Structure formats: C-alpha cells, structure tokens
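Take a look at the letters that make up each chain.
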Amino acid sequence: MVSVAEDRDRVDDVVLGFGNRVIDGTARLRAEQLGARPFLIAACDPLADSGPGGPADFIDHWGDPTRLRLVDLDELGIPTVPGLAPDTMVAGVEQRIVGLLFADIVGFARLDDALLPQFWRFMAAVAGHMRDAAGQPSSQRSWGDALFITAADALATADYAMALAGAFAAVDARQFGLPQAMAIRIALHAGPVFAGRHPMTGEAMLYGGNVNRAARIEPITVPGQVYASAQFVAWLNAEESAAEAETRLAGGVYRPRYRCTYRGVVELAKRYGSQAVYEVATWRAEGPMAEARIDGTRLAMTLANDPAEHRRLAAAFVDFLGRHGIDEARLVPFEIAFDEVMTNICRYAWQDAGQHVIEVRAELAGDLVRVTFSDDGIAFDPLAGEPTGLDDDIEEREIGGLGIHLVRELMDELHYVRDEPYNRLILTKRLATPAGAPEEEP
Amino acid sequence: MSDDKADAGVAAANLVRVTGKLDVVASKAFEAELLAKLDSPEPVLFVDFADCAYVSSAGLRAVLIAAKTAKRGDHRLILAGMNPIVREVFKVSGFDRMLVIEDDLATAVAKHG
Chain A
558 MVSVAEDRDR VDDVVLGFGN RVIDGTARLR AEQLGARPFL IAACDPLADS GPGGPADFID
618 HWGDPTRLRL VDLDELGIPT VPGLAPDTMV AGVEQRIVGL LFADIVGFAR LDDALLPQFW
678 RFMAAVAGHM RDAAGQPSSQ RSWGDALFIT AADALATADY AMALAGAFAA VDARQFGLPQ
738 AMAIRIALHA GPVFAGRHPM TGEAMLYGGN VNRAARIEPI TVPGQVYASA QFVAWLNAEE
798 SAAEAETRLA GGVYRPRYRC TYRGVVELAK RYGSQAVYEV ATWRAEGPMA EARIDGTRLA
858 MTLANDPAEH RRLAAAFVDF LGRHGIDEAR LVPFEIAFDE VMTNICRYAW QDAGQHVIEV
918 RAELAGDLVR VTFSDDGIAF DPLAGEPTGL DDDIEEREIG GLGIHLVREL MDELHYVRDE
978 PYNRLILTKR LATPAGAPEE EP
Chain B
46 MSDDKADAGV AAANLVRVTG KLDVVASKAF EAELLAKLDS PEPVLFVDFA DCAYVSSAGL
106 RAVLIAAKTA KRGDHRLILA GMNPIVREVF KVSGFDRMLV IEDDLATAVA KHG
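Going down the list, the sequences are from chains A and B. Going by my numbering, the first residue of the first sequence is number 558, and it counts up by one from there. Going by my numbering, the first residue of the second sequence is number 46, and it counts up by one from there.
Just to be clear, a hint being listed does not mean it is correct.
[Claimed, not checked] Some chain A residues near chain B, calculated using beta-carbon distances under 10 Å:
| hint | residue |
| --- | --- |
| 1 | Leu597 |
| 2 | Arg868 |
| 3 | Gly882 |
| 4 | Ala886 |
Just so you know, the hints here were simulated from the structure itself, not pulled from any lab data. Note that this is a predicted model, so its numbers are computed, not measured. Glycine included, C-beta positions come from ideal geometry on N, C-alpha and C.
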C-alpha cells in the first residue's frame, strides 16, 4: 500500500487528483518491471460530474484509448458515492501538491569552524555550477548544510535534484582547501502539504506528514545518489507518460528523461511505517546499464547504439543460460544473430549521431529461448526487404543485405512489430535444434 | 600447433589465420589484412579458419570483398579449416558455391599450393 496523504480528513479534489497520478504511475511502473503493458479499467458513472480527482480526470491523463476499458457503474446497480464535504481547512492555510527534496552534506558536522569559509566558497562554486541546469524550485530553505527544496511538479523536482547531484560530482571540494571531497545525500518525495505562515516569525512555511516523510528518507540515501519514495516515482512516471502521450499526438518521439530503479523497502520511524524507495537517475547521462539483470528464466539489459555492444550482450547471455546448464557452444547461433541485429539497429534506427539505448530481454521457457530487441528509432522493418540472391557470381554478388538472412537461417522464428514508439524484433529458437543445423536441406 | 601448419609449405605472406570470433568489430582488421596480402605477387592466398569460433555477416563481407579483389588481380583465394557453425554460415549465405573451401589447411596447400 502506498500512502498519499497523511491526514484523511483533509482529502480534497487536489489530493484525489494527485492520488490518481500515483495510481497511474504505479501501474506503469509495475507493468514495466513485469515486461507487461498496463490497462486502465475505469468503473464510473459516465453521467456524474467529474472534477479533478474523478474518473474522467484519470481517463484524460491515461492518454491511450486502446488500453482503456469502461465499466458503467449505473449498469452494475452500484450507487455512486456522494462527493466530498467542502474544504474544512483553517483560514490562511492552503493544501497543495508539491515535489519535496531534502539534501544533506555528508561529513559537514565533522568540519572545524576554521574550515567553514572554505566550505562556503565550495558551496558557492556548486551553486554557480547548478545555475544553468537546475529546474525551477518554488521554495528553498537551508539550515547550515541541509537543504529543503520544493517544486510544483515531479520533473522540476527531479531536474533540481540531478543538477545538485551533478554539481557535487563536478566540483572538487579539495580545490577549495577542504580535506576531502564532499558528497551529498538527496531524497525526493511528493504529496499534499500545508502552506501557511509561522504565527511567531511570520515566515512562509510548508508542513505536514509528507514533509516529515521526505526528511526521513534522506538519511537512508546512499551518498552521491538520488533516492525517491514510491509516491514520487509514480508521480514522475505519470508525468513522463503524459508528456509521452502528448509528444506522440504531435507526431514526435518522446525520450524518457529519468530511470527509476527499485532499491527496496526501508523502515521509517513508527508512525510512517515502511517505505518503498527507488534510485532516480538520468536516462541519457547514465547511458546503458553496466550489467545485465538476470532473474531466474529472464534476462534484461540495455545496450548503447554501438555494434560492438553485441559482445556485452553475448557474454551476459552465455552467463544467463549457463546458470541453466546450457553450454556456450549451443549459443553460437545467438551470438551471430546478436551481432547482426545490433549492426542493423545501429545502422538504421537513428539518423543523428547521438547516444541511444537498445533494450534487450531474453526469456527461457523449457528449451525455447526468446530474445526481444527494442529501440525507439524510426519505424523500420528489417524483414520487409527482398532476400539476397544467393546464387550470384562473385562479381554480381551485392555486398550487404546478408545479416538478416543469416539471422533467419540461424533462428527458428523471427518477428518484427512496431509498438509505438518502439521497433521490436523478436528472435525465437529451440535449443534442441542442433547449432548450425538447418531444418531442411535446400 | 600453429607452427606445424605454417610448416605445411605456406609462407606468412600468403596466409591469413582467423582467430576467435570474426564479428563486426574483428572484421575490420581482418579485411585490412586480406587486402594487404592480396596486394602482393603471391598467386594464392590461403585463409585458415581452424581457430575461428564463428563468422558473422561482417566477416562474410570482408571475405566477399577479398574474393572480388582477388579475382580482379588474378589471385586465388582458398579458404580452409572451418568448424561446423562457420561452415554453416558460409553455406546458408551461398558463399560456399562461389568460393573454394577445403577441409583443412594441409589439404588446401596440397591441392592449390
């Protein structure tokens, strides 16, 4: 269960709207982890008023009508729940949804006062480094080395976090006379918070359970990395998928900005229970995964758009099937096929010279191996071309067009689908088929 | 082992040995070596695949370019020593019908040297 609001008496349309985004994002996140596609089943009364937080709001944000099923509550005979009571908020206090960032500098407390001038010169350099890259925060506060930043949406919060982490990685504290490099712990969370003024100081303040929750995630974060609550990650995911739907409608291809990796469940102080946390990283800057993820009968990894990356895939694949007692010698046809497919994707998918990522998933079911390559390049069906003429004389024989022919011969089956915005090429082969033996003689 | 083969009457100048995996990366150096050795007065160039684990289409392209170059320069290109998977790749691509492929280097030298 993911807790969105800490105070159930203060749930209004804004909070429900946020809850919708969290459900949307969580569904997409789970689907991605399972290698599946999420469907929205919306049970609602189509005639009822539906403001922010209602089913119509959810459907609008979902964006993909092909993965939507509507269930009419009226037909089921289920009475519609009455709307919420009007706002019961104290005058002068406003509830709003914000992205929350807590950051703390590791080892600051151990710095002697004598080193503080150097520390602040270092921080000024960090701030200078951030100026170009950071997202727009709505509020910033600081106590010594601790930072509390809020922003109006998840992407702006993540942008600020990445700029902060990037500046800490780029600016070397030792150049400013500090004894060691400085690392920062950055934690992100999101949810409804209360905005008001402090009755004694008159200062603007943000408070509530979600502020406390954010502050409790920060100490468990790995220095140098950005950790985020499941709520934040779901909100970020929903924002990214809404941006993707919008880009797609305009005929473009959306490039995901952030990649969230599940890091486990941590226990927060009693009142806050357990909290699922993710590591947030930039898609681009990080590039492809350093290592394959192998989970029983599945392998997942990402590769850079460089044909030489097929070697990394082949090594991971041999390791993966080796764990199932399958000898490397039987995997040679796959190794050749990986070379051909990667060469093909790298040549045709993208027209720019930039870095792109190719996702590979492999699955073992009995003796059947299925490997899927996905890229977000221009739609290109490598199987649509005419087969190369094989009986030509040396002089007539074209150089090229051979790769996909080899893959066809070496695999049992080869399929292509355009699954917007991805090209997917699916290779299937039974391991029982002896390596290199054709099924039929020509 | 490789010295024995070199003793089979083949000089380094007209022999290319393929080792490991002849993939998209390794094929560039392989092609350069083939073309360099074809640019010599030696009438026959032997390519020994005995230590080659596999060949991808990039390797086949290099062989095809070498075969075309050899034909124009009145050289002969003789391939030898393929393991079953390498042989299979040459077969399904139709290359085995355009090129001379012998079981091993010794046979190739005996017949064409």
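Evaluated hints:
1. Hint status for Leu597(A): violated, given a least beta-carbon distance of 43 Å to chain B, over 10 Å.
2. Here the hint on Arg868(A) is kept, as its CB sits about 7 Å from the closest CB of chain B, short of 10 Å.
3. This hint is violated: Gly882(A) has a C-beta 20 Å from the nearest C-beta of chain B, more than the 10 Å allowed.
4. Taken as an interface hint, Ala886(A) checks out: its beta carbon lies about 9 Å from the nearest beta carbon of chain B, inside 10 Å.
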